[in-house]
Amino acid sequence: MGSLAPLQRSHDTVNDYLPYNHEVDCTPTDLRSMGNWDDFGNTKASEDPDVRSLEDLLIVQYIDVAAETRQIHFFYLTNQDFVFFGRLPSSDPSEPSLDDYTKQLRRVSDEKLFPRITDTDAEKITQFSGVQDPTMYLKRPGLLQYQPEEDNGTPKLVLDEAEVMETLERNPHPNIIGYHGCRVRRNLITGIVLDRHQKTLEQFAREPEFKEIDRDDFFDAFKSAVEHLHRLGLAHNDINPGNIMVSEARAPVMIDFGSCQPFGELLQTFGTPGWHEEDFWTSEKEHDLFSLRRLREWLNQEM
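Start counting the sequence shown at 183; every next residue gets the next number (the numbering used here).
Derived by calculation from the structure, the hints in this document are not laboratory data. Just to be clear, a hint being listed does not mean it is correct.
As the list claims (entries may be wrong) - Using 30 Å as the maximum straight-line C-alpha spacing, the simulated DSBU-like pairs for lysine-lysine come out as follows:
no., residue 1, residue 2
1, K306, K467
2, K306, K405
3, K338, K294
4, K306, K294
5, K306, K338
6, K381, K338
7, K405, K393
8, K285, K306
9, K467, K338
10, K393, K294
11, K381, K393
12, K381, K467
Stated by the list, open to error - With beta-carbon atoms standing in for the labels, derived distance ranges:
no., residue 1, residue 2, range
13, D396, M318, 44 to 52 Å
14, D281, T251, 21 to 29 Å
15, T317, L236, 26 to 34 Å
16, D281, K393, 32 to 40 Å
17, S429, Q314, 45 to 53 Å
18, K338, H412, 33 to 41 Å
19, M318, K285, 50 to 58 Å
20, D315, P444, 46 to 54 Å
21, N261, S291, 12 to 20 Å
22, E345, M318, 15 to 23 Å
23, D396, E460, 17 to 25 Å
All residues carry an ideal CB built from backbone N, CA and C; glycine is no exception.
Whenever a hint applies, use it, and build me the whole structure from the sequences.
Structure (structure tokens):
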């Protein structure tokens, strides 16, 4: 029987959000966490849910193929970053109504998702105070791994990634995603503001334009970003085509630093299946070197 709790992962691809009704086969373990909450909820400045249609919700249906059952989890977000969660049993074969969903919504404690900024953190973290425009992407904590009964360590993941982005902002590289600071509400980090790009390498590889890029130049540019990271004493630990954006200039842009930590540090998340040599629990340069070799093979195979 498949577990209803997806494996904890991190991903900040621009298109890495789920449609409002998304089915997940809970048997595989390579599920990804939702990265973008901008496409559901509404603009009511309140901590109360104001659900007007199913499009205001993120709905995830966990499918257990072996048991032929499903469980529906759903979330609602206000523009002040209050998060509500609900779930419905799988026994009723009929489609739930909007009222069925709204009756089950319960407020998620901030401490389950967002790190609180201490005085020490405030000295290290840039607070984004501008207006988020279409060239920016707001990465939020993932929700797919959320279970009310469990502590998945999400706040620490958010804070760790924010600290890595601060390091990269002080030491920029043209092929590493641009960082604008952290969105802060109620003295909590509720998101990380980054440059926006439209397609991952995985998506771009399905476009006719992919055949026009110079694979060697593309790979070398990305490799230089990895080497830059290593010179800073950091390993990415999750290099794969879904964590590489393609800019308008068709250059690679490294994203998703949820697994990026200094060499030797323990990790809460680990690499993508097929893109690491073996399971690992610490941050190591060798993980990136293996993924780079795999990336070169992948680029040649996708011709």
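Tested hints:
1. K306 <-> K467: 25 Å, holds
2. K306 <-> K405: Satisfied, since the Cα-Cα distance of roughly 28 Å is no more than 30 Å.
3. K338 <-> K294: This hinted pair holds, its Cα atoms lying about 10 Å apart.
4. K306 <-> K294: Roughly 22 Å between the alpha carbons, so the hint for K306 and K294 holds.
5. K306 <-> K338: With a Cα-Cα distance of about 15 Å, the restraint between K306 and K338 holds, given a limit of 30 Å.
6. K381 <-> K338: With Cα atoms ~28 Å apart, K381 and K338 stay inside 30 Å; holds.
7. K405 <-> K393: 20 Å, holds
8. K285 <-> K306: 41 Å, violated
9. K467 <-> K338: Holds, at roughly 22 Å.
10. K393 <-> K294: Violated. K393 to K294 sits at ~44 Å, over the 30 Å cutoff.
11. K381 <-> K393: Holds, at about 15 Å.
12. K381 <-> K467: 26 Å, holds
13. D396 <-> M318: 44 to 52 Å: The hint (44 to 52 Å, Cβ to Cβ) is violated, given that D396 and M318 are roughly 29 Å apart.
14. D281 <-> T251: 21 to 29 Å: Holds - the Cβ-Cβ distance for D281 and T251, about 23 Å, lies within 21 to 29 Å.
15. T317 <-> L236: 26 to 34 Å: Hint holds: Cβ distance 30 Å, inside 26 to 34 Å.
16. D281 <-> K393: 32 to 40 Å: 51 Å, violated
17. S429 <-> Q314: 45 to 53 Å: At 19 Å between Cβs, range violated.
18. K338 <-> H412: 33 to 41 Å: Violated - the Cβ-Cβ distance for K338 and H412, about 23 Å, lies outside 33 to 41 Å.
19. M318 <-> K285: 50 to 58 Å: For M318 and K285 the Cβ distance comes to about 35 Å; the hint is violated.
20. D315 <-> P444: 46 to 54 Å: 33 Å, violated
21. N261 <-> S291: 12 to 20 Å: 19 Å, holds
22. E345 <-> M318: 15 to 23 Å: This hint holds: roughly 20 Å between Cβ atoms.
23. D396 <-> E460: 17 to 25 Å: Violated: the Cβ-Cβ distance is about 32 Å, outside 17 to 25 Å.
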